[in-house]
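Colleague: One letter stands for each residue in the lines below.
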Amino acid sequence: MRARVFVTLKPSVFDPQGTTVAEALHTLGYASVKDVRQGKYFELDIDARTPDEARRIAAEAADRLLANPVIESYRIEIVTTAEAAAR
Amino acid sequence: MKFAVVVFPGSNCDHDAYHAVKHVLGQDAAFIWHKETSLAGADAVILPGGFAHGDYLRTGAIARFSPIMQEVRRFAEAGGPVLGICNGFQVLLEAGLLPGAMLRNRSVKFQCVHVFVRVEQTDTPFTVACRRGQVLRIPIAHGEGNYYAEPDVVERLERNRQVIFRYTTPEGVVTPDANPNGSVANVAGLCSEARNVVGLMPHPERACELALGSADGLVVLESAVRSVTQGALAAVASAKAAAAR
Amino acid sequence: MKTISDELIQQHGLTRDEYERILEMLGREPTVTELGIFSVMWSEHCSYKSSRVHLKTLPTTGRRVLQGPGENAGAVDIGDGLAAVFKIESHNHPSFIEPYQGAATGVGGIIRDIFTMGARPMALLNSLRFGPLDDPLVRRTFAGVVAGIAGYGNSIGIPTVGGEIAFDESYTGNPLVNVFCLGIAKADEIVKGVASGAGNAVYYVGAKTGRDGIHGATMASAEFDEKSAEKRPAVQVGDPFMEKLLLEACLEVMRSGALVGIQDMGAAGLTCSTCEMGSRGGAGITIDVSLVPQRETGMTPYEIMLSESQERMLLVVKRGREADVERIFEKWDLHAVRIGDVTTDGRLCVKHHGEVVADIPNEALTDKAPVYRRPMAEPASLAEAQRLPLPSLGAPPPIRDVFRRLLASPAVASKQWVYRQYDHMVRTNTLVVPGMGAGVVRVKGTARALAMSVDGNGRFVYLDPFLGAQLAVAEAARNVACTGAQPIGATNCLNFGNPERPEIMWQFARAVEGMGAACRALDVPITGGNVSLYNETDGRAVLPTPVVGVVGLIQDASTVVRRAFRGEGDAIVLLGTGRDELGGSEYLKLVHGLVRGTPPTLDLTLEAALQRLVVDGIAAGLIRSAHDCAEGGLAVAVAECCFDTGLGASVDVPAVAASETAFSAIATLFGESASRVVVSVAAARADELAGLATAAGVPVAVIGRVGGERIRIAIDGDIVIDDSLAEAEDVWANAIGRWFGRPRAVA
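So the protein sequences, as listed, match chains E, A and W. Be aware that the first sequence starts at 1, since it is given in the numbering used here, and climbs by one per residue. Be aware that the second sequence starts at 1, since it is given in the numbering used here, and climbs by one per residue. Be aware that the third sequence starts at 1, since it is given in the numbering used here, and climbs by one per residue.
Calculated directly from the structure, the hints in this document are not laboratory data. Cβ atoms here follow ideal geometry from the backbone N, Cα and C, with glycine treated the same way. Heads up, a few of these hints could be off.
Restricting the straight-line Cα-Cα distance to at most 25 Å, the calculated cross-link-like pairs of lysine-lysine (DSS-like) are [to be verified]:
1. W:K368 to W:K56
2. A:K22 to W:K444
3. W:K351 to W:K331
4. W:K331 to A:K35
5. W:K318 to W:K186
6. W:K186 to A:K22
7. W:K351 to W:K368
8. W:K318 to W:K208
9. E:K34 to E:K10
10. A:K2 to A:K22
11. W:K331 to W:K49
12. W:K208 to W:K331
13. W:K208 to A:K35
14. W:K444 to A:K2
15. W:K368 to W:K208
Listing some non-contacts, in silico: residues in chain W with all C-beta distances to chain A over 10 Å [as the list claims (entries may be wrong)]:
16. I4
17. E18
18. D80
19. V138
20. G157
21. G197
22. A323
23. D345
24. P389
25. M425
26. L431
27. F466
28. E503
29. G621
30. A657
31. D730
Throw the hints in and build the complete structure from the sequences for me.
Modeller: Following this line, the structure appears as structure tokens:
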């Protein structure tokens with residue numbers, strides 16, 4: 001089973017990298033891109049029997065290590081092996 | 001007194017901290033590998049600068065789980081003096097021994113340059129030999145020194161006098177231009193509620209000899225010596241007083 | 001077995017003749033794996049086939065030389081039982097393809113070359129060349145290269161203490177990234193890259209092998225064209241954290257005495273390290289590549305042998321010490337894997353799951369690799385380029401404007417935007433930081449310090465390769481002398497175009513001759529170096545750019561001086577004389593857009609006397625600051641001595657005797673005559689210095705005083721520059737930053 005963990009900076013936190021990326025896009029001519037926030041994406045290959053178990057394990061991993069709760073929040077998507085194979 | 005310098009895989013400034021306390025200050029010092037479970041009777045602990053675990057994931061995020069950190073936590077909870085320098089400060093934040101977190105510098109670039117910091121409080125083991133308002137010229141060298149804490153946390157830190165060092169002009173004035181990385185409230189270093197754990201982004205161990213450009217950092221390490229020996233003397237004195245009663 | 005087609009041979013960068021030689025040496029057709037092995041070992045980058053006959057003429061011996069060219073790095077004795085181990089290397093082609101990783105892995109590679117000798121790396125320098133900064137693509141390359149050097153060097157914790165950066169259109173599609181590293185080892189504990197002792201174990205340690213960088217060596221031996229973008233997958237990604245672990249673990253293993261030899265896997269990875277170690281030890285090596293830790297599935301022996309995955313080392317372990325070695329690496333969370341043995345047959349034998357896939361005599365890949373004496377011819381256009389008809393340039397602009405424009409020109413302006421991204425203080429040894437002169441680090445445990453500088457000037461070499469190369473040696477040694485260090489050894493990185501073109505080969509040969517002559521005259525032996533050829537895009541070559549790195553020894557670290565003036569009222573003294581020499585100058589390029597004329601003349605006897613005088617004067621505490629005259633000439637040098645001090649200067653210099661009177665002031669102020677140093681001394685001791693200089697045969701003139709808030713320069717009493725120190729410094733300090741966004745003012 002695969003867990004996709006999306007870790008992003010909390011809205012209140014200033015993101016200097018995201019700002020730099022936005023400025024770079026503007027120089028390339030994409031004035032319509034108003035703002036950019038940069039985050040992290042993790043793919044966890046988990047040995048779990050149910051999607052709920054995989055989600056629980058991924059959430060623990062995120063709480064303890066993948067995200068810093070002071071400045072980051074996260075969300076999780078579970079992809080079953082069958083779904084992953086179908087893509 | 002004896003300093004323990006913790007070494008994580010990827011720590012770089014361990015030798016610099018060791019050199020400063022042993023060869024410049026003439027104290028006893030030992031390297032403690034991150035897998036050890038004992039601080040070997042140290043009187044003070046230094047978590048040095050560098051790139052522990054390559055700064056992978058987040059700076060200090062993996063180092064906080066090292067076996068030695070349990071010992072460091074116990075030592076800190078018992079009131080022992082702990083100094084986190086640069087990457088060491090980041091490890092203390094990730095370990096929750098200090099509040100807040102580090103972000104990338106506002107300029108998104110690593111900066112190695114001398115800055116000025118003002119000593120805000122002198123009642124910590126690492127500032128007891130300083131004067132309130134004293135301005136120190138110390139180098140920084142970091143890409144992620146932009147200290148962040150939520151507004152209510154910042155308010156609490158100020159109220160509790162937990163901000164220990166602030167970036168200022170050479171004259172000691174807090175200005176945006178004097179802030180090299182965007183830290184909230186120009187915070188360069190802070191202490192725990194119990195005041196025995198201190199973290200700072202600048203490198204005092206790089207400013208202990210004039211030949212290297214500044215000796216202003218020496219007073220931070222000298223404070224630890226004074227604090228520990230005075231603490232020992234105080235303990236002896238109160239034991240004597242108790243025995244005399 | 002796959003048959004070897006002509007196309008396959010060509011794809012491997014081998015000529016028909018070279019293939020015939022392979023057939024002869026093997027006595028049969030090679031396997032595809034063997035073809036791959038030959039192609040990388042016989043590539044220009046690994047075999048030096050176009051350059052060897054010329055490099056052989058360089059001076060490589062001296063009383064301090066402990067290790068000359070032929071090993072992973074050179075070494076010189078610095079006293080106290082210690083050796084300075086150093087080398088410079090290029091990573092030009094990868095830095096064009098992927099600036100950050102190309103530069104980062106260049107840093108990683110040179111660091112490995114140093115610690116593989118048993119030396120702890122202490123300092124880094126870099127020499128960079130880019131196209132003009134007004135090109136956005138160049139800015140991206142520039143920023144990427146700087147970030148890559150910073151990212152790798154900072155993470156591994158080795159300070160970058162200096163360097164140089166220059167600009168020219170010819171580097172636009174061919175940036176040059178040369179990285180220098182210096183380390184310290186115990187003189188009797190230097191470890192070599194040698195395999196010997198039949199039955200000794202061959203170990204692999206470090207990162208897992210992947211498909212990155214395959215044919216990196218052949219790529220470095222080819223020009224770029226439109227298809228270069230397709231070569232992107234060949235770029236390696238560096239892991240400085242892995243290298244830090246490797247560095248500490250390897251030094252620990254070496255201290256335990258368990259090794260016969262060790263070499264890093266750089267260009268041509270496992271192939272190069274195995275056959276070179278075997279070759280040096282007169283032994284053979286047999287390995288089974290199925291034992292090599294791999295991070296991708298289904299890798300073929302060909303891929304494993306040619307992979308240039310970073311941060312890997314090859315070790316030959318003394319019999320019985322295998323468990324010790326494995327244990328030390330385990331402590332650092334590294335896995336050392338035995339992949340083969342040393343043999344006595346002098347062959348590189350590669351197996352895959354026990355089956356032989358390659359079996360080649362080592363010397364066929366190393367000593368018996370092709371050596372070419374390529375045709376040379378002076379470029380037809382050179383004679384014309386050497387003419388500089390000044391009258392045809394019209395009247396020069398006002399002096400004050402030229403002064404400001406030079407200070408703002410990226411070649412001359414402060415590089416602080418760059419070096420503040422490098423940690424230059426880690427390890428608390430740096431006595432002279434970037435921007436203050438040659439980099440200087442102290443040697444803890446002794447009273448000494450080491451100074452180092454990398455210098456080159458492509459314009460001078462283009463206009464006269466022999467003289468231009470001599471000037472590079474002189475400048476690097478002079479920069480080192482200006483900190484009070486006696487030059488004791490040199491390394492070089494030779495960056496040129498396509499050697500199959502006679503004009504390029506001529507440039508190369510003449511430059512090597514000139515470099516050799518200067519090294520002999522200044523007594524700085526070459527202990528090793530690197531050659532980077534084929535720096536061309538669509539047939540347009542870079543300016544021929546030999547970069548020289550010189551290392552110097554300071555006996556008493558407390559006597560070190562920097563470029564900056566130190567005291568109000570100090571006397572400013574000029575050692576050396578200026579001449580009417582604008583050929584190849586920054587002035588000529590900046591104001592008139594020309595690279596013409598002949599480079600400044602060089603009297604090596606005078607240069608040697610000047611350097612000796614400066615070193616002795618500093619050691620005696622007489623000279624308080626020293627700075628040589630380079631790009632921008634005397635006026636820029638004086639200004640640079642004022643910057644970062646808050647102290648201005650007033651000087652009055654004699655006009656150079658100029659054939660074109662309209663350019664007399666320009667030549668006096670901005671000409672780049674060699675063998676000149678601006679020093680400051682206590683006012684009362686100016687005569688003392690003058691006396692010493694005269695006795696040494698060095699021209700000397702007390703030209704002015706330190707002090708005030710202005711930079712005032714007069715020629716024969718007429719003030720021609722009268723500038724505000726603060727404003728001039730602002731222009732100089734922020735020029736490069738202005739190309740990249742808002743500059744920051746910091747303490």
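Colleague: Against the 25 Å threshold, does the CA-CA distance of K34 of chain E and K10 of chain E hold or violate the hint?
Modeller: Answer holds: K34 of chain E to K10 of chain E is near 18 Å, not above 25 Å.
Colleague: At 10 Å, judged by beta carbons, does A657 of chain W keep clear of chain A as stated?
Modeller: holds, 43 Å
Colleague: Please verify that the nearest CB of chain A lies beyond 10 Å from F466 of chain W's CB.
Modeller: F466 of chain W clear of chain A: closest Cβ-Cβ about 39 Å, beyond 10 Å.
Colleague: Is the hinted pair K318 of chain W and K186 of chain W satisfied, with a Cα-Cα distance of at most 25 Å?
Modeller: holds, 20 Å
Colleague: E18 of chain W clear of chain A by more than 10 Å, beta carbon to beta carbon?
Modeller: Per Cβ check, E18 of chain W is outside 10 Å of chain A; nearest 42 Å; holds.
Colleague: Tell me if the straight-line CA distance from K351 of chain W to K368 of chain W falls inside 25 Å.
Modeller: Holds - the C-alpha atoms of K368 of chain W and K351 of chain W are around 23 Å apart, at most 25 Å.
Colleague: Measuring Cβ to Cβ, find out whether E503 of chain W lies farther than 10 Å from everything in chain A.
Modeller: Holds, because the least Cβ-Cβ distance between E503 of chain W and chain A comes to about 41 Å, which exceeds 10 Å.
Colleague: Measure nothing beyond the straight line between the CA atoms of K186 of chain W and K22 of chain A; if it is 25 Å or shorter, mark the hint as holding.
Modeller: Given that 25 Å is the threshold and the Cα spacing comes to 23 Å, the pair holds.
Colleague: For the pair supplied as a hint, K444 of chain W and K2 of chain A, is the alpha-carbon distance within the 25 Å limit?
Modeller: OK: K444 of chain W and K2 of chain A at ~22 Å, within 25 Å.
Colleague: Please verify whether K208 of chain W and K331 of chain W have alpha carbons no more than 25 Å apart.
Modeller: holds, 18 Å
Colleague: Is the straight-line distance between the alpha-carbon of K368 of chain W and that of K56 of chain W 25 Å or less?
Modeller: holds, 16 Å
Colleague: Are the Cα positions of K368 of chain W and K208 of chain W separated by 25 Å at most?
Modeller: violated, 31 Å
When held up to the earlier numbered hints, the structure conflicts with 3, 11, 15, 20, 25, 26 and fits the remainder.
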